[in-house]
Amino acid sequence: MLETKANPNISKSTGLPRKRFYRARAHSNPLSDSHFPVPISPSHVDYSLHYPHFFPSSDQSDSSKKIQFADIGCGFGGLLISLSTLFPETLMIGMELRDKVTEYVKERILALRVANPGQNQNISVTRTNSMKYIPNYFEKGQLSKMFFLFPDPHFKEKNHRRRVISTHLLDEYAYALGVGGIIYTITDVEELGEWMKACLESHPMFEALTEKELEADPVVELLSSATEEGQKVARNGGQTFRAVYRRVTPPL
Amino acid sequence: MKFSNFSNRSSEKRVTAVALSNDGLHVCFADKFGVVWVVDLDSVDSNQALVNKKAAQMLAHYCSIITSLEFSPDGRFIVSADRDFKIRVTVFPKKPLDGAHEIQSFCLGHTEFVSCLAFVSTSEYPQGFLVSGSGDSTVRLWNISSGSLLDTCEVEMKAGLLESNRRGEDCNSAITDLCTIPDCTMIAVAIQSLQGIVLLSCDLSARTLSIAKVVSIMGETFIPTSSRASFSAGLLWMVSGVSNLRGFDHHSLARVRVISGFNKSNLDPQEFEPIVLEDNEIPGGYKLLEKLQGSVVVEEKVFLAAAEAVKTAMSNLLVKKQYSVEKREFRKRTRNDRKTKQ
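These protein sequence lines map, in sequence, to chains P and G. Take the first sequence: its position 19, counting from 1, is numbered 19 in the working numbering, and each next residue is one higher. With the second sequence counted from 1, adding 1000 to any position gets you the working numbering.
Take the hints with a grain of salt, since some may be wrong.
Partial chain P-side listing against chain G, Cβ under 8 Å, derived [as the list claims (entries may be wrong)]:
{"no.": "1", "residue": "N29"}
{"no.": "2", "residue": "D33"}
{"no.": "3", "residue": "V45"}
{"no.": "4", "residue": "H168"}
{"no.": "5", "residue": "P250"}
{"no.": "6", "residue": "P251"}
Simulated coverage check for chain P against chain G, where a stretch passes if three residues somewhere in it have a Cβ under 8 Å from a Cβ of chain G [stated by the list, open to error]:
{"no.": "7", "segment": "35–41"}
{"no.": "8", "segment": "94–100"}
{"no.": "9", "segment": "203–213"}
Calculated directly from the structure, the hints in this document are not laboratory data. Here a beta-carbon is modelled for each residue, glycine too, at the ideal position from N, C-alpha and C.
Chain G on its own, in the form it takes in the complex:
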């Protein structure tokens, strides 16, 4: 397979999330100021008019960083999550370029930034249910048409990760990524400070979430930052990645690991036995890995530095700063505009 770039759009602000509509006609992207833009892909096939087609503003969260964008499985809604603990469900309009003004609901309940969104849907529930992960280390299940919270899973606590990983008090390990396994109601959850992945199973008729399995990855400090499941082969691909890593030869790190066993036949979470594949077992083998990672072997200390870098980057960007009352008073007293007046 080969990809080619067929059109470019530039954004004035840093882009924080992207989503492609289910019919493939619109691309939406969100910038750091909380604005979601939409690009019409309809005309892209015919190579003309392409250049002057600009992205149009569709909706906005008020000056909050949007962390994730997702279309509902039926394509009726676009869901956006932000660092102000909010998830907004907006009706995706017929003419998106004129803006999406009708808000279906807000999903409120998280007590930290919302980091990731995913939909769980099956043939019995084609409209699907929304799951969200957050800095409060919970995964929540929502009904998007009413915005009501159906279930909360305190992943870190339930998976028994607390004792082994807790260092100091600030360790509310954030959920970094969620990924639903196609055609089954399992969700792969990546958590800061977990070497591996937590599998949740979602009971759509009872509307509950529960921990199915914790898959640990041995041998290296691999803490995934992102994961995606492949549709046909029953594989879960995970990446641990960071850019701008200081103090090392390589400025960026990418490490790919694969878990197999997600075939339809073993849907039952009890009997399900996932296998972490060795590098030579993954499809494409070392050749693919070298292409994706840049090199086959990654040093241990680079992993540790990368994990730390991801953590600080996430908390700097998304976690609200807490200042003590004294500090705030001090800042008020030493304000510049008042100084010049005196």
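Here chain P stands alone, though its shape is the one from the complex:
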């Protein structure tokens, strides 16, 4: 608390971090060697650092509670915070590659926990390259929802392998998602929307949700309304392209 008061990056009136002190470049190269710590395996992820309310000590052997939602490329964390109240008992994590942005989300969650005691204890953020290190964080079938909201479009064909949705990476996402788990993608770039849809459609371990199922899912609505990127698109009257798919057992 004392520390946050002294921090000039945090607004005095709201107690929340101010975005302008956490400006970062819009893009980060996912191919470069990373120099942040990565857990050796999912059992090395320290839950007590992320969720002190649920894991008071670092000894987590007795608890079976695990992270179930992953927001890949969580950006400034808008979706996480909306989901946090919708699923207060579900642990979720945001994964972001840009260090300053991760720092912002971290401060934001801490400030929200102080402002609303007992709330937002189930969300956290980590700086990582999710294209490389998903298996280091999650066991097989651990996740029930994965979010890819407004990812970097990487227009040039040469850079398509930097896209976060690709046939090969979907293999890894299918590994981390349990059967029945749902993958949510949305973008305002038509070309990327088609690409993500095509990748998911052709993958044997994913099937599209029906219109009815999409309407019944309260999360679908948040995709375009909860995130900073989504609000920006809505403000400018832009179009969004959504693809929501379920993890299924592959046909033999």
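Place chain G on chain P using the hints.
Using the frame of chain P, we list chain G on its own:
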């Protein structure tokens, strides 16, 4: 015996690992970008259609160099290791050309690049266990269906190689190659900076690895980079090889040595006495050596240079670069795209 080339496939990127499926119907190879390609050999016998049969992408590690590819003894899985400390176990599908999408497990535990893979299997354990060697100078034993780590053997430390070989602090000698001796649970391990080979014995019922013997090779600075066991004769063939050696008459070096004594009768590691064969004792003698090596005698300084070259090549390619915070900040400040804006 004579080999002949019956078909060529070219890859756009440098190939880093190859594996042939147990039924001999598919060849898989991995490139430097982490993509594993598969070629169907079914049609190769009939000489037509051969040319237009292209390699298809089967799976990929995200932009990581794949260091080793191996099929499980029962042929159900293909295992791939990369420089990002990962081992991926993928179900080998019925139609590999459509891609291998189902991941059985990840074997995680190494703290440096994974350099080599091998399977230990016996008639009691036909499905076998995976062993892996790494830049962290450990050999690990895995259960591939769950991805769980069964045992870790710190080879360099346990074999007592530390004192004699440690120079400076960066000497975590990488494991360069692993080779299982057929029909027995011994594993030959080649380590950077060891003149010889370490034999590990693997207890499959207790699921443990232990050092059985360190076989040193006297007389020359022979540090093997690769080894393979022959099935019938109980021999272990080792190669120390390097290409593109600068500053010497020969641009490449290959030296072959053979260890004998791996017969079924002496399975007991305690009584096992391996013998390093002299050049004239190996099957084929000088004639074979000359064919394989180019010349019979190799100069000592060439060996030393080769060992050094292998070491630097491996660390340049596989070890992650560590930059200090100051260096990173400096690079950020002197970034080109920002300069042009000002």
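Outcome of the hint check:
Using the Cβ-Cβ criterion of 8 Å, the hint placing P:N29 at the interface with chain G is not satisfied: the shortest such distance is roughly 10 Å. The interface hint given for P:D33 holds, since its Cβ lies 5 Å from the closest Cβ of chain G, which is under the 8 Å cut-off. A hinted interface residue such as P:V45 counts as satisfied when its beta carbon comes closer than 8 Å to some beta carbon of chain G; here the least separation is about 12 Å, so the hint is violated. Given the 8 Å rule on beta carbons, the hint for P:H168 holds: about 4 Å separates it from the nearest Cβ of chain G.
This hint holds: P:P250 has a C-beta 6 Å from the nearest C-beta of chain G, less than the 8 Å allowed. For P:P251, the interface hint is violated, since its Cβ never comes within 8 Å of a Cβ in chain G; the closest pair sits about 11 Å apart. Counting residues of the segment 35–41 of chain P whose CB falls under 8 Å from any CB of chain G gives 3; the rule of at least 3 is met. Proximity of the segment 94–100 of chain P to chain G, defined as three or more residues with a beta carbon under 8 Å from a beta carbon of that chain, is not established by the 0 residues found.
Counting residues of the segment 203–213 of chain P whose C-beta sits closer than 8 Å to any C-beta of chain G gives 3, which meets the bar of three, so the coverage hint holds.
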